[in-house]
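Counting in the working numbering, the sequence shown runs from 42 upward without gaps.
One thing to keep in mind: the hints can contain errors.
Label-pair distances were calculated between CB atoms; the ranges are [as the list claims (entries may be wrong)]:
(1) K321 to Q297: 14 to 24 Å
(2) Y234 to K47: 34 to 44 Å
(3) K72 to L223: 33 to 43 Å
(4) Y145 to L223: 23 to 33 Å
(5) S277 to Y397: 29 to 39 Å
Hints listed in this document are in silico derivations from the structure and should not be mistaken for laboratory results. Quick reminder that beta carbons are idealized off the backbone N, C-alpha and C, glycines included.
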Amino acid sequence: MQKAGKLESIEVARAIATSLVIINHIAIDSKFWLGFEFFSFDFPCMRAAIIFFFVLSGFIMCYAHWDDMGRGYPSIKDYFAKRITRIFPTYWLILFIVTLSYVYLRSRLNTNTVDSHLMTLQLTWTSFIKNIFLINYPDNSIVLVAWTMQFEIIFYLIFSFFMINVRLGIVVFAVWLFAVILFNANYIHSSSYFIKFLCDTCNGQLIFGCFIAYILSKWQDRHYFMPIVSTILGLSGLIVTGAIDVFSNQLLSTMQTTLLYTLSSFFCILGLVKMEFIKKIRCPSLLVTLGLASYPIYLTHHLTQSLLFRLAHYANIGSQALLATRYTVFVFLIFIFSLWIGYLFYKFYDKPVTSYIRRKLKERALRIDEVNSGEGGIRTLVGG
42 MQKAGKLESI EVARAIATSL VIINHIAIDS KFWLGFEFFS FDFPCMRAAI IFFFVLSGFI
102 MCYAHWDDMG RGYPSIKDYF AKRITRIFPT YWLILFIVTL SYVYLRSRLN TNTVDSHLMT
162 LQLTWTSFIK NIFLINYPDN SIVLVAWTMQ FEIIFYLIFS FFMINVRLGI VVFAVWLFAV
222 ILFNANYIHS SSYFIKFLCD TCNGQLIFGC FIAYILSKWQ DRHYFMPIVS TILGLSGLIV
282 TGAIDVFSNQ LLSTMQTTLL YTLSSFFCIL GLVKMEFIKK IRCPSLLVTL GLASYPIYLT
342 HHLTQSLLFR LAHYANIGSQ ALLATRYTVF VFLIFIFSLW IGYLFYKFYD KPVTSYIRRK
402 LKERALRIDE VNSGEGGIRT LVGG
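Please take these sequences and the hints and turn them into a complete structure.
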């Protein structure tokens with residue numbers, strides 16, 4: 042497959058999707074803590090953004106590991122090292138911070154001054170260990186947004202079949218997608234939590250992302266017309282589906298809405314990446330940076346805004362005397378602060394730690410190759 046380096050348009054899309062998730066959580070927390078309803082309707086941005094993330098993650102997995110597929114055991118080791126390095130160091134630190142915060146707040150505060158997530162969370166040693174390895178489904182995640190990462194983990198595990206053999210990976214994914222379709226079409230019924238988890242629509246969205254990589258590997262045309270059409274179709278689909286979701290939510294079933302969001306995300310990502318393959322798209326550096334930092338921002342934002350809203354609650358900033366304009370400014374500052382804290386986490390922890398671990402793994406792999414090469418040379422001399 043053609044590689045275009047850093048895909049700036051995709052980073053911008055990630056930044057926008059992350060921002061929509063933050064806005065959705067701000068709307069929920071503002072109503073809970075301050076009694077202020079930010080939207081007079083159920084804002085659909087959360088579902089659209091999460092589905093977009095899942096489709097995008099499926100594509101990025103194939104895009105990043107396209108050349109590693111079918112190389113067998115050596116590629117599997119490298120594959121899992123990269124995945125573990127990308128996910129867990131940052132997640133574990135945030136999990137530790139959130140756990141300490143929750144333990145402190147639950148011991149010091151009564152149930153009237155904690156958020157709904159904290160009240161429903163059953164924090165035990167067993168649940169904590171499950172959260173460490175992201176195997177706590179269907180229980181609540183200590184880090185609220187980490188439920189999405191559980192689907193990423195199972196996807197990483199099953200995707201590894203492609204590293205062993207491409208045809209084997211295709212068969213496994215085809216069976217998996219077929220099972221997801223049958224389960225959600227109510228042709229398969231099961232009370233098993235594992236079956237429900239394995240056949241969740243989120244897994245289908247990740248698989249859809251893989252189709253984008255396959256189509257791009259075969260798409261040789263270098264004209265802009267079809268990529269632009271694909272992008273416009275995808276963006277229009279997201280907007281129209283969102284509008285239907287808000288104003289006529291009885292018109293479509295939940296499954297139909299999910300499918301439309303998935304297909305719209307599919308065409309949007311397909312068009313953007315193809316245009317990047319034809320010619321690099323230059324995007325605002327701020328949005329690109331936020332896209333690169335989207336993972337730490339996504340993990341840290343709820344804790345950040347939850348603490349800020351809690352402080353606002355104690356300061357009685359949600360009183361009726363507060364002018365709407367001041368409230369809007371306050372919410373905007375929470376949004377900016379959530380992005381800023383996540384970016385700082387990315388700059389001073391996520392990026393340097395990830396780079397350090399990968400550098401050490403690469404150095405170790407080179408040393409092993411040198412040792413193996415030396416042993417091979419000795420055996421050749423002895424044999425001679």
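* **Cβ separation of Y145 and L223, checked against the hinted range 23 to 33 Å** => 46 Å, violated
* Asked: Could one say that the CB atoms of K321 and Q297 fall in the range 14 to 24 Å?
  -> Since the Cβ atoms of K321 and Q297 sit about 37 Å apart, the hinted range of 14 to 24 Å is violated.
* Asked: Does the Cβ-Cβ separation between S277 and Y397 fall within 29 to 39 Å?
  -> 43 Å, violated
* Asked: Could one say that the CB atoms of K72 and L223 fall in the range 33 to 43 Å?
  -> 38 Å, holds
* **Cβ distance range 34 to 44 Å for Y234 and K47, holds or violated** => Since the Cβ atoms of Y234 and K47 sit about 39 Å apart, the hinted range of 34 to 44 Å holds.
Hints 1, 4 and 5, counting from the list given before, are not met by this structure.
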